[in-house]
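Start from the sequences, fold in the hints, and give me the full structure.
There are 2 protein chains.
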Amino acid sequence: MQEKKINLKEREMPTRWYNVMPDIPNGVEPPLDPETRQPAGPEKLAPIFPMGLLEQEMSDKRWIDIPREIQEIYHIWRPSPLVRANNLEKALGTKAKIFFKYEGVSPSGSHKTNSAVAQAYYNKQEGVKRLSTETGAGQWGSALSFATHKFGLECKVYMVRVSFEQKPYRKSMMNTYGAEIVASPSSDTNTGRRIIEEFPDTAGSLGIAISEAVEDAASREDTKYALGSVLNHVILHQSIIGLEAKKQMEIAGEYPDVLIGCCGGGSNFAGLATPFLTDKLEGKKLKMIGVEPASCPTLTRGLLAYDFGDVARTTPLLYMYTLGHDFIPPGIHAGGLRYHGMSPIISALVREKIIEPTSVHQLECFESGVLFARTEGIIPAPETCHAIRAAIIEATRDKDDPKTILFNFSGHGLLDLSSYDKFHAGQLQNYDYPEEDIIAATRNLPRV
Amino acid sequence: MQEKKINLKEREMPTRWYNVMPDIPNGVEPPLDPETRQPAGPEKLAPIFPMGLLEQEMSDKRWIDIPREIQEIYHIWRPSPLVRANNLEKALGTKAKIFFKYEGVSPSGSHKTNSAVAQAYYNKQEGVKRLSTETGAGQWGSALSFATHKFGLECKVYMVRVSFEQKPYRKSMMNTYGAEIVASPSSDTNTGRRIIEEFPDTAGSLGIAISEAVEDAASREDTKYALGSVLNHVILHQSIIGLEAKKQMEIAGEYPDVLIGCCGGGSNFAGLATPFLTDKLEGKKLKMIGVEPASCPTLTRGLLAYDFGDVARTTPLLYMYTLGHDFIPPGIHAGGLRYHGMSPIISALVREKIIEPTSVHQLECFESGVLFARTEGIIPAPETCHAIRAAIIEATRDKDDPKTILFNFSGHGLLDLSSYDKFHAGQLQNYDYPEEDIIAATRNLPRV
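Keeping their order, the protein sequence lines are chains F and A. Under the numbering used here, the very last position in the first sequence is 1323; numbers go up by exactly one each time. Under the numbering used here, the very last position in the second sequence is 1323; numbers go up by exactly one each time.
Derived from the structure by calculation, the hints contain no laboratory data. Where hints are given, some of them may not hold.
Below, computed lysine-lysine pairings styled on BS3-like, alpha-carbon distance capped at 25 Å [said to hold, decoys possible]:
| id | chain 1 | residue 1 | chain 2 | residue 2 |
| --- | --- | --- | --- | --- |
| 1 | A | 1274 | A | 972 |
| 2 | A | 965 | F | 1122 |
| 3 | A | 972 | F | 884 |
| 4 | A | 1121 | A | 884 |
| 5 | F | 1004 | A | 965 |
Label pairs and their calculated CB-CB ranges [stated by the list, open to error]:
| id | chain 1 | residue 1 | chain 2 | residue 2 | range |
| --- | --- | --- | --- | --- | --- |
| 6 | A | 1272 | F | 947 | 24 to 30 Å |
| 7 | F | 947 | A | 935 | 54 to 60 Å |
| 8 | A | 1029 | F | 1274 | 25 to 31 Å |
| 9 | F | 937 | A | 877 | 27 to 33 Å |
| 10 | A | 877 | F | 1238 | 47 to 53 Å |
| 11 | F | 968 | A | 1276 | 56 to 62 Å |
| 12 | A | 1096 | F | 947 | 56 to 62 Å |
| 13 | F | 1129 | A | 914 | 53 to 59 Å |
| 14 | A | 970 | F | 891 | 31 to 37 Å |
Don't be surprised by glycine CBs; every beta carbon is placed ideally from N, CA and C.
Shown next, in the form of structure tokens:
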């Protein structure tokens, strides 16, 4: 009988990350220096990122060794299981085979730890003492809190206010790992103070929190900044998801017809999907679906253009799908997907029609999450519910089609249970934007 | 290199439970009918338990097959990993090898699911439509909520009030699995109403919640009662923990010198320890340590006597270590350990000096839990912190002694993070009882 869960041995864990950059058809546009509007070299970013990560950010090497120390920490939870969702299949009455790569086994409960450990390592290597960062739902902040403590670094987390209030246990987790947490906008930075003054009731956004964390890092000698998604080096670190999954699907005797992941900044989906890219380019029939919330429809309704990664316009300009850097999405409960922009890598793959973006609504996502919990046992994070929703749509479009679906289960929802409470109580709603709001939001894109 | 985590394949999962009853030296005293004071036969318990479980409760067969349907649900998370806590060892500077059996991978986050699935199955087999139960910390209630839904049964959970208030996410989890939850004492039962009237501010206790759940089951045709610990059939189901661990330790090339588990009703520790019993009886040197909170010192300071399992005196009399059935422990945060009694099996093994009981204080437990989280990543449940604390004591008593320690990691603490908050904020304290309180508590034991 086929095993439900496929576990690799630690010695089978990949020892190199895959860098998709050299394999992207027509390449990825470089980041621009916002002052000169010329490509931003590493020197521009050196004040906030360590050289080890900047080299990865700009590397065109296809394979990059995972340092031994990082591998050892990965072994706390990796290789992560590949699981056949046979109970969900049965409930759906479908002949489709649904597999998920379960990233919820990490200490902080999501894929984020894959990059957090790597980022803490390279910062430690270069003598950095302290990291600042932002977090949406709290997954990234928790992951970095754990990782920095492993390397003896301090950590300050700016957590988007709406999530800070909705998810008090995230704060407890970060405290337990030894980090300092503040709600963003905060009174600890100039940007934060300015925004509180102008919008005292703001729910906050990832764009604001990034500005605060960058300002924190830029203003202190001992501190650098860490970003949990979007950038190339983050997607590099996440490639371990797809590399493992390929091996595990082979053991299962299957190859996916459809790959699915939710997209906020894009790193969990890119981590699963990019190691399959060359197969697709070589002609393998493989649908890649990036799922975003209808309430923050970056890929499905945004523009492909140069834009800032944050509200205060402190980052380089990134060429990406964007809703405009001052777009503040409604306080939906999938805090990790509330980002105006998108990874340039994912953006390029959407432009090349390699990744198909789609959007789903909040209520159907929670419904899917509850069905998943009741059949497969694991309560998914609201972000992950988006991937599950898309997997269910694929699996039930034609129930007699025995296709193979693989989605990335980016994280569990045990610290998001208050969102489920609101769902059970009928207090959640869907959001849709009229076209004019999207047009207005993207009106202020910088001219390049 | 030795792998940190040892995973068994699903096909290597034990297909039989081990029943320790025939192997306990001098046996276990039978439960008594409280009216006649004669051994209580199955007919006495049939109104609240299905025959399938009563047969197991009274069985003297050493091995009992695990039905196929239960095995299939176990495969959602079982076999659970055996993990070498090498990062903790390093932080302690000890030559001891520390292993833990990680039961936190189950849907509801603890070992409780092992018995919940079995109990739901046997009830379903006999046409039961609805189960009632109590829960302390919420681990058992969550597990039964998940399991009953898998078999299409309804579930009502009476949750000890102090935990109900401290752990709102447990309620969300049970709701997500489709169960009904109420704080105990509740106004839904006679016992609950009587206690609320007498002690309107009570924190509740497992003894009260059991009375309510038993009353619920006894008063409805379609309902039976489910107990998450203490009884023989529960310990039978939990034996899968130790059976797997034995195989995994063998793969690791190790045999434990010390086995450790926390004890509330006793099922998680018994599940780990009992499959090692015959080795010990055959002369293997093996220390077995049952750890309880100093604030509820059943094994270390209680009496071995016949007592009721609940406050309202509705259960048969069990021969066990007890603090007296109307003992209400302080509202410490390890809700699962707040029980006045103890499994008769564990009690017999303590009487025979096979298991050594010990008690630890709350603050040192949380300290140990935080150290564990920062080194091994996983945040432990407050109950599990007791086992970790004892493992640390064993590993550091003589740091040059290369002994092998195996403890049961009964559950993760992701839904207990508010307790960690209180710990970080310095709001927790230790509890100790003067001798006269213990004497007073055990004054009302029934005469047999």
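**Asked** Hint by hint, which ones does the structure fall short of?
**Response** 2 and 7
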